[in-house]
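Number of protein chains: 2
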Amino acid sequence: MKLYDATVSGNAYKIRLFAALTGIELDLVSIDLAAGDNRTDDFLAVNPRAQIPVLVDGDTVIWDSQAILVHLARTRAADWLPEDTDGLVRVMQWLAVAENEILYGLARARAVLVFDRPWDLAQSQTLGRAGLAVMDGHLADRAWLATDRPTIADIACYPYVALAPMGEVSLADYPNVVRWIGAVQALPGYIDMPGIRPASEIA
Amino acid sequence: MKLYDATVSGNAYKIRLFAALTGIELDLVSIDLAAGDNRTDDFLAVNPRAQIPVLVDGDTVIWDSQAILVHLARTRAADWLPEDTDGLVRVMQWLAVAENEILYGLARARAVLVFDRPWDLAQSQTLGRAGLAVMDGHLADRAWLATDRPTIADIACYPYVALAPMGEVSLADYPNVVRWIGAVQALPGYIDMPGIRPASEIA
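Chains as they are written, first to last, in the working numbering: chain F, 7 to 209; chain R, 7 to 209.
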């Protein structure tokens, strides 16, 4: 299986992390976003959205990190995506938080400060903090986001939450989120990406 | 079944439209967003994200429009959400477009111009047009987004695409998207919302 990847991308890291946790082997193809590798004709033929990650599994090509997580769980790691309707719906809710408050809040704030992207920093931070507050309340009496065990919802939310300090959003006000970060980091097979700190060092 | 709803919300309209197409009865509870009805303690107890739509189906409370679509399809309209992995993955891809280019592009541009929201209009329009270009290419040789029949992916993408002109994003450059809008509007049971024009009048 081939993954079009970039080390600095939290969205690509979702897939690398999930593969590491579930023992899936990936052949990584590095795409240099700063050099415009994602705008070449060859890459646009793979993903017209010009984004990584993209997974190639045999004849199947899948863009979008959440769709890739669903594919990998359904084909090789069924425990991570509930079959029952209520479990699937709870996963969907937190995939939505990952695509909204987390991506357009926390990830955008990081992209402004680290990659000099043109988004509004304060708006992004405000949206991100709103998402963290909702997560923190939800995790007050739960270990994991969607069900009583880790699912792809936790994997989808984790990278840009754990990277939030790079966007100057402190995690110190969200103790349940920090505990959950620690729980993800304690999963067997866990791997890191640059910029993520151990939960024990978040204060 | 109770739906917390607002007439002006494309996200709430997704649920009203899907219910109309599938013969599901909804009791609508109108939430006045301009008056702050979504920030009351009572409403935040239902949805801590302070957003509509929210569905209450017996003892089950579900926030997020995409999670609600999954719930309704799984419990009452199975044809609209494939069970097989590839079909589910293709639906997930277009739900992602609905949450990204469409929501943070087209819907934000509309919200700036219609509701005086503080987002950047040009950035939102640019992101929205990028999404329309991808959709238009995809629909060049397909009738529907995810499979060979309409799915919840079409319903999730439809409202803010059809409302794009309210954000001063013309649909005239995307003929395959306009054809697809017409196909949605031709579905038995289709209902409208304010601001959506018939496909035949989009030029």
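Calculated from the structure, these hints are not laboratory results.
Be careful, since some hints might not be right.
[Claimed, not checked] Pairwise CB distance ranges (calculated):
| hint | chain 1 | residue 1 | chain 2 | residue 2 | range |
| --- | --- | --- | --- | --- | --- |
| 1 | F | 128 | R | 128 | 10 to 20 Å |
| 2 | R | 154 | F | 204 | 22 to 32 Å |
| 3 | R | 198 | F | 192 | 43 to 53 Å |
| 4 | F | 154 | R | 14 | 36 to 46 Å |
| 5 | R | 81 | F | 67 | 30 to 40 Å |
Since this is a predicted model, take the numbers as computed values, not measurements.
C-beta: ideal position from N, C-alpha, C; glycine also.
Against the structure, the hints:
no.: 1; hint: F:128 / R:128: 10 to 20 Å; in the structure: 18 Å, holds
no.: 2; hint: R:154 / F:204: 22 to 32 Å; in the structure: 48 Å, violated
no.: 3; hint: R:198 / F:192: 43 to 53 Å; in the structure: 51 Å, holds
no.: 4; hint: F:154 / R:14: 36 to 46 Å; in the structure: 38 Å, holds
no.: 5; hint: R:81 / F:67: 30 to 40 Å; in the structure: 32 Å, holds
Of the numbered hints stated above, the single one contradicted by the structure is hint 2.
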